[in-house]
Each structure stands twice: as structure tokens, then as C-alpha cells.
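Please take these sequences and the hints and turn them into a complete structure.
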Amino acid sequence: MSEIRAICFDAFGTLLEIVDKRRPFGQLMNERGTDHRAVDVLTRPLSLREVAKELAIVIGEARLQELELDLDAERASIQLRPGMAVFWAALRRADLRIGVCSNLAQPYAEPLLAILPGIPDALVLSFEVGFIKPQPEIFHCVREELGLRAEQILFIGDTPEADILGPRAVGMHAMTIDAFEAAVNGCEERRISAEEVQSPEIHQLLERVRECVYS
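Note that our numbering has the sequence shown beginning at 17, numbered continuously upward.
FYI, nobody ran anything at the bench for these hints, they're computed from the structure. Errors might be hidden in some of the hints.
Unchecked claim - Pairwise CB distance ranges (calculated):
id, residue 1, residue 2, range
1, 65, 230, 45 to 51 angstroms
2, 71, 231, 49 to 55 angstroms
3, 165, 135, 18 to 24 angstroms
4, 71, 165, 36 to 42 angstroms
5, 216, 77, 56 to 62 angstroms
Each residue gets a CB set at the ideal place from its N, CA and C atoms; glycine is no exception.
Here it is, written out as C-alpha cells:
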């Protein structure tokens with residue numbers, strides 16, 4: 017049995033929340049029925065305007081400016097998920113490494129970094145590495161940046177395919193953010209299934225984190 021030595025979080029929907037959701041990139045990709053996939057946006061360091069140019073999405077300047085205002089509004093509304101600063105500090109007291117791995121368009125990187133509770137030991141963003149979750153390559157980047165074996169990492173996120181099945185496919189542990197919060201906080205009304213906490217390693221880690229949260 018290998019001890020879990022790091023937790024890697026998904027970003028949005030896990031560590032952070034966008035309060036004013038407007039999906040400017042999604043709106044752009046849907047303009048005039050374009051069939052381009054999100055991977056075109058998430059695996060290259062492109063601004064909203066650059067995406068329109070690179071993918072030859074022809075829209076008027078006024079519409080493009082509307083989408084840029086939507087993007088500004090989303091970026092300004094980014095908040096830390098309630099309780100995450102406490103968890104982050106507890107992980108540090110538990111001497112655990114912390115990673116952040118996100119499918120992310122480039123304009124969201126700056127506000128993400130500005131609002132994190134601390135500096136992560138690994139930061140793997142899709143637009144920088146050229147891969148998106150659940151591709152195995154992006155999880156290998158996480159492992160390499162943390163300097164650990166896959167089985168020593170617990171991945172936490174909110175999307176089953178990207179954040180649970182993807183990490184497990186490369187040998188990481190994984191659980192949802194809701195299950196993690198409930199387990200650490202000891203929420204009796206939220207029963208944690210065997211599928212969510214599926215190993216002795218996770219049980220030991222959660223107990224360790226719980227002690228640091230309430231110490």
C-alpha cells in the first residue's frame with residue numbers, strides 16, 4: 017500500500033466558482049453553427065479574439081466586443097469555493113503536496129492564480145501543456161510536476177469523466193469534491209459511498225486531513 021502524498025484539484029467547480037456564468041468561448045464556438053470542438057480553445061494559449069481569427073469564425077466587431085465584455089464579467093466574478101482556504105491550509109499542515117490541473121482557456125489563468133489560497137506545487141493547465149482531461153497525458157504532467165508516482169496522488173474534481181475516470185485510468189486515486197468535503201467535515205447527512213472512498217489509502221488520508229482541519 018502506497019501512502020497518498022499529494023492532492024491535485026480541478027480548478028473551476030472545485031477550487032473556484034464563476035458566479036456570473038456567461039460562457040463567452042462557448043457562445044463564440046456556437047456562432048453560425050461552427051462545429052469546432054472545445055479542444056481547439058483549451059489546448060492553445062489564445063485570447064477570445066485570437067480564437068475567432070484562428071478558427072475563421074466570422075462575426076461582427078460589435079458582437080465580438082459583447083463577448084469580450086462577457087469574458088471580463090466572468091473573470092471578475094471568480095471566487096474561491098467556500099471552505100477551500102481552510103482545506104488548503106490543512107493540507108499544508110499535513111505536509112501534503114498540492115496540485116491544480118484544469119481544462120482552461122488562457123484568459124482565465126491570471127484570475128485563477130490571483131485567487132488561489134497559496135502557491136501550488138504543480139500547476140497543469142491545458143492551454144499550456146496541449147492536453148485536456150481526461151487524456152492520460154495531462155495526468156502524467158501532474159505526476160511529473162509533483163514528482164510522485166500515480167498511486168501517491170488523489171485527484172479531486174466535479175466532473176466524472178474528466179476528474180474521476182481519467183485519473184483512475186492512469187493509476188491515481190480520485191473522488192468528487194462533494195464527497196471530499198463531506199468526508200472531511202464529517203457530514204452525517206451526506207453518506208459517502210464505497211465508490212467515492214474506495215481504498216484504505218483514501219480513508220487514512222481523509223482522517224489525516226480531518227485532524228489538521230480541526231486541530
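List of violated hint numbers, smallest to largest
none
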